[in-house]
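Enquirer: Take these sequences, add in the hints, and give me the full structure.
Chain by chain, the residues run as shown.
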Amino acid sequence: MIRFLLHDNPHQIDEIAPTMSVLDYLRTSLGQTDCKEGCAAGDCGACTIAIGSLGETGIHYHAANACITPLASLDGRQLLTVAHLREQRQDATAEQDLHPVQAAMVNCHGSQCGFCTPGIVMSLFCWWHAVKRGELTADRHSIETALSGNLCRCTGYQPILKAAVQALAADEEDQFLARESQLFTQLQAQQANSSSCQGPLGHFLLPTSLGELNTLMADNPNAQLIAGATDLGLSFTQQLQSAELLIYTGRVAELQRCEQCEDAIHVGGAVTYSRALPLLRQAFPSFANMIGRLGSLQIRNQGTLAGNIANASPIGDSPPVLIALNARLQLSSCSGNREVAISDFFSGYRQTVMRSDECIVSIVIPTLKNGEILKVYKISKRVEDDISAVCMALWLRCDNAIITEIRLAFGGMAATPARAMLTEQALLNRPFDDLSINDAKQALMLDFSPIDDVRASAAYRLAVAGNLLKRAQLEMSNTANIDLFSLADSGASHHA
Amino acid sequence: MRSLPASKPYSQSQVSPTTHGHSVAHESAVKHVSGEALYVDDIREPKGLLHAAVGRSPVAAGRLRAMDLSAVLSHPGVAAVLTLDDVPGHIDIGPVFPGDPVLAAGTINYHGQPLFAVAADSLLNARRAALLAVLEIEASEPLLDPQQAIVENRTVRPVHQMQRGDASAAIAAAPLVLESQQIVGGQEHYYLEGQAAMATPTEDNSMLIHCSSQHPSEVQKLVAEVLDRPIASVTVEMRRMGGAFGGKETNAAQWSCLAALLAHKTGCPVKLRLPRADDMMMTGKRHPFANHYRIGFDPQGQLLGADITVIGDCGCSPDLSDAIVDRAMFHADNAYYLPAAKITGHRAFTNTVSHTAFRGFGGPQGMMIIERAMDDIAREVGKDPLDVRKLNLYAAPDRNTTPYQQKVESDTLPRLITELEHSSDYRVRRAAIRQFNADSSVLKKGLALTPVKFGISFTVQHLNQAGALIHIYTDGSIQLNHGGTEMGQGLNTKVAQVVAEVLQVDLNRIQITATHTDKVPNTSPTAASSGTDLNGQAALAAATTLKQRLSEFLAEKHGLAVAAIRFHNNRVYFGADSINFTELAQQAYMARVSLSATGFYRTPKIHYDRSTASGRPFFYFANGAAVSEVLVDTLTGEYRVSRVDILHDVGRSLNPALDIGQIEGGFIQGMGWLTTEELRWDNAGKLLTTGAATYKIPTAADIPAIFNVALLQDQANEEATIYHSKAVGEPPLMLAISVWSALRDAISSLSDYRISPALDTPATPERVFWAIRHTEQAYTAKPAAQPLSEGPQP
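Chain order of the listed sequences is A and B.
Mapping the first sequence onto the working numbering, position 279 (from 1) lands on 279, and the numbers just tick up by one.
Mapping the second sequence onto the working numbering, position 372 (from 1) lands on 372, and the numbers just tick up by one.
If you're looking for bench data, these hints aren't it; they were derived computationally from the structure.
Derived BS3-like pairs (lysine-lysine); straight-line CA-CA distance at most 27 Å:
1. B:K31 x A:K162
2. B:K557 x B:K547
3. B:K47 x B:K31
4. B:K31 x A:K132
Beta-carbon label-pair distances, calculated as ranges:
5. B:D166 x A:A459: 43 to 49 Å
6. A:S347 x B:Q148: 40 to 46 Å
7. A:P285 x B:P656: 40 to 46 Å
8. B:Q148 x A:A459: 20 to 26 Å
9. B:Q148 x A:L201: 47 to 53 Å
10. B:E179 x A:A458: 28 to 34 Å
11. B:Q300 x A:I402: 56 to 62 Å
12. B:E179 x A:S347: 53 to 59 Å
13. B:N508 x A:A170: 20 to 26 Å
14. A:A458 x B:E141: 24 to 30 Å
15. B:Q300 x A:C398: 55 to 61 Å
16. B:Q148 x A:P285: 47 to 53 Å
From the three backbone atoms N, C-alpha and C, an ideal C-beta is built for every residue, glycine too.
Expert: Printed below as a string of structure tokens:
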């Protein structure tokens, strides 16, 4: 049995297919059609919902894609769709009872065909709440980030950006802030220790402790671990696969650790990108900038760093960085715990050394010491929510302008995220200058034989990889006017 | 009725008057933001509804020898499978020419082509079952290159040519000659609502279709034809589309036909909604084009002659390609006078899905070649491209005849460009950018102003007609119906504003209804930007008829002249007295005056003789211009569009907010087409970009940090369009050509503006990167090859 709040009503489900998505449940089981299916792959955001979780003092809302969020993962949470946002006031007319975000969207002409609009409204609703709580600054960047997973094909976004600003202008509470303590109590009542949804359609298990998780994995060798479902969810909606047993990591207390201890950051196996981001931003701004372009906000709110690693995709964005940083993975199973260096983790295309009864408990990332530098770059067709053509992570230590230690790793260049060993050799014990970079570019050709695919050609990958070394060097020497993004956002050419 | 309803006053709307010229919100805006607007898949499902899925071809070319569908049929939940043998009527649903079988008829022409359909108790069961067919296919080598197709003379329609003067002689005599090729990529519509249709069998062997289509009348006709039933037995209802952009003009019909055929076979209602990947595989896209120019010009950069060839990749069938390639040809001049011109348009066959209408309908692809030429001329003669563009603009009295003999009668564009040049600070920024580029080695800026002149009217003359139907009820409420369809553009809102204006009532009195083939018959598609022009006029006619009837009734009753009756602000004034609109409706009803009227409109003046390629295909031209500034990273080819200024001509705007919405949205869609939206097929003809994960349309972070959009003021349409407005649906898309041109400008700066870099589209970071490389290499190889001491003059 799983329980959650559907708006402000307790909702209980005894049995359901483990692969059932929130979207399918809303539309087919409840007949609630305000939540739209645009792609069923977590790419377009038309189905964006707000998921409320108990925080220390209140309810924290995050945006998620209903199409790939397993219904059972809502256990103990609150689900809001756009149909829930209107104020339930007796005296209000259709226009008057709109949420401030909805009213601003109408006022700014933020909808045309209207199909993406429910998702846009929900993303802005979560943004609006975060701003009202003082967790976010209401600037253009935060609005763009809030909308990073919402495609609109009609408006060109400009009226939607205006609507976001206007929605904040009115100094008012919405029904969720006004009734927060009541909803908080209601949501507390939905909390249970370990839950599960079991029956002839399959099982969805939600263990709450690592011991429980290890036992379940040992007992069920065919079970699939599921965290954010941002990748596995697609196998259900796109490849139409079924699953008999899913074990959800999101409730396991030991996997929720996210903290800095002495000289390393520990990111638990169930910690989402969004949760890890503030800590990463402090320690590795360059890494955090790249994570800020990994997937969309909806994906980062659900997906985990551990999932990105365990997937072993050759184009995962975080593994090259973690390799460059010499991160370690703490694995756990009934037969004990062990630690594996991330560089030893990937054994082939989508292959790892992790056994089927093991899970990633934590990712341990050494922080930078004096003289150590990290540079991370992501090259993709589109800035937001796109898979990298090339991802480069460069970690190095310089003493007296000589590179004395170096780790250089790439994604998109080989069948696994991989270090460029010969390129490292070309740079080691040399100054980081045009001469050494030219040698490094030659070495890159020996390190990698990338492929042509939808995202880029092999030749482009190799050429850009070399130029990214040049970019790193220019940045380290504080060359002016080389940051494309900050310069473009600061505005175009004005009067001379 | 036995008694009249109580006459209750309508609340005055907050913004009064809510008639034309005002920025009224979209009629469905409140429903959009609250999730209450219903799309086909949201309609409450009828009892016994079956869900359909389509079985696809795994190869791009070949013969379908046999299908074993037993495993499909025995999959749990499956109610029926549909093959060609089950089609009682026509098999071919080609909209103009044959070539589009509702299911593949032996020959397989593209990867993903529908081979059969299956209906089941759930969509998941239908989709899973559809994967179980055992197919016997004799695969053959697919033809994928449109240029190769022309070499092999494999076309879907014959070549067509427009000529004015002797282009070859003019080019031969010209002091300067250039020749280049431009590849222009296609575009996936990516309407957020995928294709969807629901067919419900009704009595008398009839069929009710709910669909998401720009052309309900054609859906009605084709469903009737595949079922072998009279058109009158099919009714199509279409309330709204979740985006269309041309992708639901002809391409929506197949899913309605398949749903109707399955409903006919099973006797159950059937819904067919394409999952996104199926939608992207099975529906046509914007035509990719391979264009070529050979031009002669003088040292000032003025064109003397142009020989332009456009090759449209039509995919595997004609669909609308004849008209689309024609429109590319009609726009190969864009805004520029070609003293002597030869324009040739090829329609290539390839083994891909049949490419179809997409906002601009070939016009954008045609314009690209002449805008390419303008930049190239500027580099050749060492001028700012804007000056070359201005020099070549159409100008009365002797430089205003198009290659198809239509005169460009208005001089809107020169005025508009001058205004934009000033409001965007073009010259000052040009100078600043040259300075920046001189000082910056890694990042380079580019700037470009490009105009748009877009012909308004269907080039197929008979489509330029429309009908409307208006009822006034005895409580004073008004129901409005017209043949157009709402896809987000705000057509219903604008047409309602027209009716409110004529009858001088508040908008909230007017109930907008779904498009219904049983209310207004034989309609044209809502396409070619013509929705408001046509349906607004038809509604104007219907509302005027009703107003006239009510006026005559009131005049006769009070012994006044009809001219003495005046409608204003929900009341009707006669002599010294007045009556509210509802009371008048009731009095008219009691006096047995008809309160229902139809309206009809056909566009005047237009004619075109395709055999001589001359005439006046367009009622008028819509105009606009945009200045785009970009910032390019020469290390990676990544770039940002940092500022865009647009000035656009919508005549006298019916609704400025909706018009600006079309301009901004069209621009960003065009920007996506030319930058990040890349369709990729593999060597076997399989589409690789079948989802938003690999096909990248712009996000909110891609729009320029500075995005100024304005409507040209005091520029009523000279033609008698609806309240002298101008169509706005398609033209703004082509304003985005300025982004591509600005990218070329930034790259050209690497050669001190001497080399005009080739940049095929979409100009992805990778293509920009290679253009940078090639420009640097060419400049290093022969920096002094061209004796030009300076680049563009600020």
